[in-house]
Amino acid sequence: MNKQVLVLDNGANAAKVGFSNATEPKVIPNCIMKAKSERRRPFIGDQISECRDASGLFYILPFQKGYLLNWEAERNIWEYIFSKDCCPVNFNETCLVITEPYFNFASIQEAMTEILFEEYECSSLLRINAGDLAAYRYMKENPGEMCCLLVDVGYSFSHVVPYIKGKKIKAGIRRIDIGGKALTNHLKDIISYRQLHVMDETYVMNQVKEDACFVSHDFNGDMKEARGLLGKNSIVRDYILPDYTTIRRGYVRKPEESGEDSEQVSKY
Amino acid sequence: MAATRESGRLKDGGQRRMLDDAARMRRARKALESLEHDNFHEDPHADLGMFYLLIYHCHYDLNDFLLSMGFKKSFAQLIEEEKTYIQEHNYISAQAPPSQFPERHFCSVCGFPSNYTCIPCGSRYCSVRCLGTHLDTRCLKWTA
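Just so you know, the protein sequences line up as chains A and B, in that order.
Residue 104 in full-length UniProt numbering sits at position 104 of the first sequence; the count goes up by one each step and never skips.
Residue 37 in full-length UniProt numbering sits at position 37 of the second sequence; the count goes up by one each step and never skips.
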């Protein structure tokens with residue numbers, strides 16, 4: 001059998017797509033964005049890199065609370081992903097592995113199967129939880145292991161999933177409804193309250209979060225440290241926001257270079 | 001600010017509305033729900049329609065197809081449906097219970113650990129300075 005296998009990890013925030021023999025998948029934002037500056041076109045997935053001014057982006061997300069609900073948007077994104085601009089696929093000769101969230105609803109599963117077989121005419125299809133694949137790989141690489149506990153922090157929620165001998169224990173799955181989306185929105189809320197109104201700037205604030213935020217290993221100690229005055233404080237940073245004329249992407253400025261010359265956002 | 005702190009707070013403390021626990025819970029839940037929003041502003045090109053100029057146009061109407069197959073459902077509908085299925089483990093049962101550890105409190109203004117509760121609305125604050133800011137800005141703003 002010499003069929004290709006395409007893997008599509010269809011996440012709520014980013015779709016990761018690639019052939020099984022590729023070393024790295026392509027990461028594509030799983031959304032359609034509309035920019036204030038461009039009336040002509042919506043930006044699908046990574047087309048956003050062609051957008052000159054990514055301020056005030058309006059998002060259309062196919063996923064809601066972690067589940068695929070807006071099929072019209074998703075179809076448009078898939079159409080782009082499978083097109084020659086992104087990841088050309090001949091479905092007649094390709095097996096598709098697509099991921100779905102834990103406890104995906106039956107009607108979503110049916111709709112997905114229906115669309116992939118009927119519209120794209122996939123030759124074969126595997127719908128699976130992304131965590132199953134990670135656990136499978138872990139078991140392959142550590143043959144002696146009997147079990148593993150998988151923590152999947154997603155965009156809409158986070159799951160903790162136990163696997164015993166490669167089998168998922170459904171009764172043990174726990175979910176909290178906090179993920180990257182809530183964190184980005186919380187950051188937006190904090191900054192809008194304290195410093196600068198950024199409620200419209202999801203795209204920029206998501207970059208801020210990814211650049212500047214970290215998980216503390218010593219929460220109380222770090223909170224104390226963050227209270228320290230400038231100069232004695234190892235946590236405080238300046239963040240330079242993009243202005244889309246000279247600065248295309250925001251960045252964290254090194255502490256020694258800090259000054260008062262431009263807009264800045266400091267956080268702990 | 002009033003000349004002396006105590007008299008100032010006592011004076012208008014009587015006039016202020018106080019929230020009960022249920023209202024505070026509701027408020028906290030609302031704040032959490034607001035973190036689920038995709039956008040906090042209006043579609044800049046709403047007048048151009050939802051899917052103008054998109055590359056893909058269905059061979060047939062995707063919406064009609066999904067509707068006829070019974071696939072087009074809101075999240076609330078899906079949850080309702082899930083409840084009727086007799087399945088031992090599902091979306092609802094996977095919800096993690098509240099933490100067994102006591103809550104940690106953070107100042108609603110500066111974000112540092114806080115020891116005090118705002119009397120009218122139940123938000124946390126850490127110092128008189130933060131309380132002043134809180135009263136001037138967000139106190140009782142989002143109460144339903």
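Any given hint could turn out to be false.
[Stated by the list, open to error] Chain B side only, calculated, beta carbon under 10 angstroms to chain A, not exhaustive: (1) K72; (2) I79; (3) E88; (4) E103; (5) L140.
Derived from the structure by calculation, the hints contain no laboratory data.
This structure is a prediction, so every number in the text was calculated from the model and none was measured.
Even glycine gets a Cβ: it sits at the ideal position worked out from N, Cα and C.
| request: Output the numbers, in ascending order, of every earlier hint that fails for this structure. | output: 4 and 5
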